[in-house]
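Next come the chains, spelled out residue by residue.
Protein chains: 2
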Amino acid sequence: MSNRSKITYTFTDEAPALATYSLLPIVKAFAASADIDVETRDISLAGRILASFTDKLGDKAIEDDLAYLARLATAPDANIIKLPNISASVPQLKGAIAELQALGYAVPDFPEDPQTDEEKDTRARYAKVLGSAVNPVLREGNSDRRAPAAVKAYARKHPHSMGKWSMASRSHADYMRGGDFFSSEQSVTIPKAGEVRIEFIGKDGKVEVKKKLAMQEGEVLDSMFMSCQKLRAFFEKTLQDCKETGVMWSLHVKATMMKISHPIVFGHAVTVYYKDVFEKYGQLFDELGVNPNNGISSVYEKIKSLPASQQEEILHDIHEVYSHRPEMAMVDSVKGITNLHIPSDVIVDASMPAMIRNSGQMWGKDGKQKDTKAVMPESTYARIYQEMINFCKTNGAFDPTTMGSVPNVGLMAQKAEEYGSHDKTFEMEADGTMRVVDADGKVLMQHEVEAGDIWRACQTKDAPIRDWVKLAVTRARQSNTPAIFWLDPERAHDNELRKKVELYLKDHDLTGLDISIKGYNEAIRTSMERMIRGQDTISVTGNVLRDYLTDLFPIMELGTSAKMLSIVPLMAGGGMYETGAGGSAPKHVQQLVEENCLRWDSLGEFLALAVSFEEEGIKTGNAKAKILGKTLDEATGKLLDNNKSPARKVGEIDNRGSHFYLAMYWAQALAAQNEDAELKAHFAPLAKTLTEQEAAIVAELNGAQGKPVDIGGYYRSNPEKTSQVMRPSAIFNAAIDSLN
Amino acid sequence: MSNRSKITYTFTDEAPALATYSLLPIVKAFAASADIDVETRDISLAGRILASFTDKLGDKAIEDDLAYLARLATAPDANIIKLPNISASVPQLKGAIAELQALGYAVPDFPEDPQTDEEKDTRARYAKVLGSAVNPVLREGNSDRRAPAAVKAYARKHPHSMGKWSMASRSHADYMRGGDFFSSEQSVTIPKAGEVRIEFIGKDGKVEVKKKLAMQEGEVLDSMFMSCQKLRAFFEKTLQDCKETGVMWSLHVKATMMKISHPIVFGHAVTVYYKDVFEKYGQLFDELGVNPNNGISSVYEKIKSLPASQQEEILHDIHEVYSHRPEMAMVDSVKGITNLHIPSDVIVDASMPAMIRNSGQMWGKDGKQKDTKAVMPESTYARIYQEMINFCKTNGAFDPTTMGSVPNVGLMAQKAEEYGSHDKTFEMEADGTMRVVDADGKVLMQHEVEAGDIWRACQTKDAPIRDWVKLAVTRARQSNTPAIFWLDPERAHDNELRKKVELYLKDHDLTGLDISIKGYNEAIRTSMERMIRGQDTISVTGNVLRDYLTDLFPIMELGTSAKMLSIVPLMAGGGMYETGAGGSAPKHVQQLVEENCLRWDSLGEFLALAVSFEEEGIKTGNAKAKILGKTLDEATGKLLDNNKSPARKVGEIDNRGSHFYLAMYWAQALAAQNEDAELKAHFAPLAKTLTEQEAAIVAELNGAQGKPVDIGGYYRSNPEKTSQVMRPSAIFNAAIDSLN
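Chains as they are written, first to last, in my numbering: chain C, 1 to 740; chain V, 1 to 740.
Hints in this document: simulated from the structure, not taken from any laboratory. Small disclaimer: the values here were computed from a predicted structure and weren't measured. Virtual Cβ for every residue (Gly too), placed ideally from N, Cα, C. Only true hints are included.
In silico negatives: residues of chain V with every beta carbon more than 12 Å from chain C: (1) Thr122; (2) Gly289; (3) Ser333; (4) Lys335; (5) Asn495; (6) Asp710.
Simulated pairs of lysine-lysine, DSS-like, Cα-Cα distance not exceeding 27 Å: (7) V:Lys164 x C:Lys243; (8) V:Lys500 x V:Lys518; (9) V:Lys644 x V:Lys680; (10) V:Lys237 x C:Lys164.
Okay, chain C solo, but in the shape it has when bound (with noise of 0.2 Å):
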């Protein structure tokens, strides 16, 4: 115990990290206890800029915490809560730019359409900054994500709510019929190490290497494509078909993780609802540099440079669009913010549980509730969602109060899958084809290919498949719970996958556990089967199916994700402990900013803490840490038993007055407990100030509220500002500094 050990507190984005300024204080004076260091790590989308240009910002460099984080999810000590950030679009990106420039530092603009060498290498560091780009650097291990009994408990005593399903529902999510990623993939699992080479064979016979891969032996590579042609015939259809049925028709994709393929899909689905925009003035937004990847915003934001009159005809013309296309669901329909005004609005994994959640509906251009088309054009995942829906239509909404849980072993470390392949996806400038070659020259896949069409390689490697075979064994044992491996027996990724998890379940002893293998379909349907009859199936998941699958059961079960257990075990013996799966909030910090409330909910930050507690305890033989990992479990239970999360009004207890509580319950069971007596005197006295000064202190927590307050910055707020922003309770701070 002489030994000071370290947990690594990641700073982010928006409303986590305005959350982080008021707990922080408050987990370091209670880690102290045990002689842990808690260190903040800034991976915010600010933070991952300035670290991407530090060679340029002189006095202003900093510490490249994400470089620093990538090497300690290899270390076997690691201990790292990472709190949600932001998966950058341009948009964001651009915004974050501005708001640092005026700060005084010296990154570049985001170059456009990159000419110079310079703006070349510039475009290249904004690259890695933009889309999903830290999670895939840390994921050093798979994913064991499950709803904590006391959470589970919560939901069935206090349930969400859940809009009733109709079985006249037209809604249904549509997806393409052949052309899509899923009907040309093939996979190989590569017999020995060595490098294969990513070519393209234009009509001229020309071989141009697009990318070499050096593989390991075992790796799963996969390649697929998908066709331009029939993705924009795709859409048209989908578009003539909700005209027809009258149904609402919306787009669903996750622009921010496959930062490559989904923009070009997003952009398609723009072009193809604005055709006749897009026709008329294509050689100006060419232009002006209207990229309609980034949405339709980005022809408002193009032609400003326009004459008045001009700018008034293309609005006119947009606005006739509208009178000929079905009606689209809308992101703010005050605001008259629709499903196609940037990528970044609409990400499937949170839309397509709140469609469902909400009766299979979303909202239209005068506000109201309606049946839509949700249209996914990939089939691969998009299937699970209409089962679901069918699912709905014929048994009703979920009722949370006695529907079983779906927990996930997600297949996640070292980029596996999709998720892994943004360096491997290509836009096709020419027709031609697309093939893998092996070092022998041997051809392992190919695909002829058009011009616009997206094709792309994703790699598993052997190491993570069978730690993570492992890890739902492990599961299956410790939570006494059936386990389904979805596998699709019609994809090629998924029979080569299959087996290896026959092979590697062979290591381990499955005496008394339920393992099977099923298809998307089959998977999702045996699990619903399950949960509505009050049974717990895990989900043993690849990389999308993981973070699609711990939104949309989550939301389902316990109205948000973010109550969710959310645990990496590296694979190298640290542990990584994620909190708040369902994004960063900015709704919440725009009503911080209006009226000093902030509603973001840090429970998910208790639980993955007291994980982390007890893990390190385990580890390193520090039984305080264990202590407090416990009386924190407990805590966060008396927490939400007596209904101290943070409310939704103005001047009620918010996520200052939750911490405030947290910080009380913790202290009262440490004061309480006699396991540990040095914790008990050190706890004692902070237990009774706290519960004495109750009333004092929530009353300045919550007498700050209902004002605007400035906090300096939207993507890199001022420290100080809001530091005196979260902690508005003289009292509270004076008794929690006291501690140390």
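Since the structure of chain C is provided, determine the placement of chain V on it from the hints.
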């Protein structure tokens, strides 16, 4: 070969009976060449009425052909061709009685409300004629149905029309969630032979024995009930839902076969839908003898005795109902015949496939197709239709040119399951307890019931189950096709059956066979997923699913269930060959009478006769019979290929023309074969004549069409008149007669 053998051909009702007048002379003439007699046995509705009152008919007394056939079915040399016959509803029965009385038969009126002993005796005799009264008697074996290769090939080449499905369709199947037979089902396997009693215990503790049953060892006995209150509440809920969503309302039951329980269910639908009318006129309707179980038509019929002004008032009130109830599916929108008019118009096993084939729509009062709620109160089997509807919404209409097939092996023998429950079905007259008690006084099953609830017991004997398992294995082996036993883990009855199936499967060599057991939803889903990929899957089901599925899948695959090969390998060793599962086509009779054109397709008879000849040949060593069967199959294939089935337009080939072509091709095939010189010589002249006279004969046959004809009756047409109408070609008649 010296012994003449015998094929028994049933004389039935409506279109198939009319067709028999044309086809049978041909068949008899051909059969004689192999020393086979073809005898006819009358199981028409009229024939069965007469047989039931033969003691009252004086010199018009007739033999009870159904009783004869029942004996024959348990004899090893039975060879029965069973054509479709009427499953009579009360209105149909009354129609037949009136016609027979007009023909001078002294059959009594149907007593609506029997009081005297004689009336009660009459009612009891008629009860045996009602509903599906023939099949349960004859089906002394299980069922083996499949699409013959020639028929399947024809459907792929000449696909029938299939209505497109929209993903936005609002249509669905709605069913009770609790309170139905499914939710209350209990089941036991009887360990040793003995008597069991069905008892009712009133609130006063008095025990009434409702029925005694002699049980065999190993017999499965079920009991279950449907709550009257919950059924009525369910109907009201479906009506409110349709009112809110604008989806059309329809009811799908099987009042013909389930002749005790389903008319009651139907009656509740009538009194709930027309609640205002039945509440207002309750007492009057009672006095008039209105029986809602016979449909709203019962009101129309009974009020005829009232003064015109009172009739008008009631009719006005009935029409008022339509103004606040949702739109109802129409049987005949021109004539204003609704779904609730009479219970025999909409029969679930025919109506649901028709709806699904028709884009999930039925016809509204304006004659337009509309999305529809298909109400099927009992959830046991309704779920499979909802599963198929969801499947079609997701995957589009089935494609007859590529889809696979779902043959059926059905448990049917000895009135298995619900289809034998009529004499064990009771509408509760008071609240109390229904229980089943064995000879030792042990209570085997028990339900608390309320007045109005429908309670029933079902029996399934062991020998039929054993035979069914054997038949499934044989079929899977002979067809080299995976077979799925549809046994639902949520049904008590199915769980009893499952034990036996697992046991009896051990009696067989299953090497290389793919035999599995699945719940209904999973079974139909798996079968459909395989089907759209062109794969066949044998459904091995209980009696009701046998009935439903052998319409459902054939109607999707072939456009009709009448083209299925339907064999009942009788347990005693004989064979019954059923034809045309699609009913007896009353509309075809109307067309014949109005314009002397009969659209009935005798393909089912052709297929059945071919197997019948072949089996007769195998069993008796009659080589000529085998050749007759083989050449008949060739003729049928040629008929399909050359498109000589009945056409749709008057003046083209109808039923009679198709019989001519069958005879010509059959004679040609016999003249062409070289296995049997005698047959070759015997048929050569006929082949020559028919070939040469083709144009003349077709001219005679088609020339007869286009004007009304008189056949002297509907339920019992005049044999001479009908024969003249059905054999209008003198040249053809002479040619056939010359064979003898």
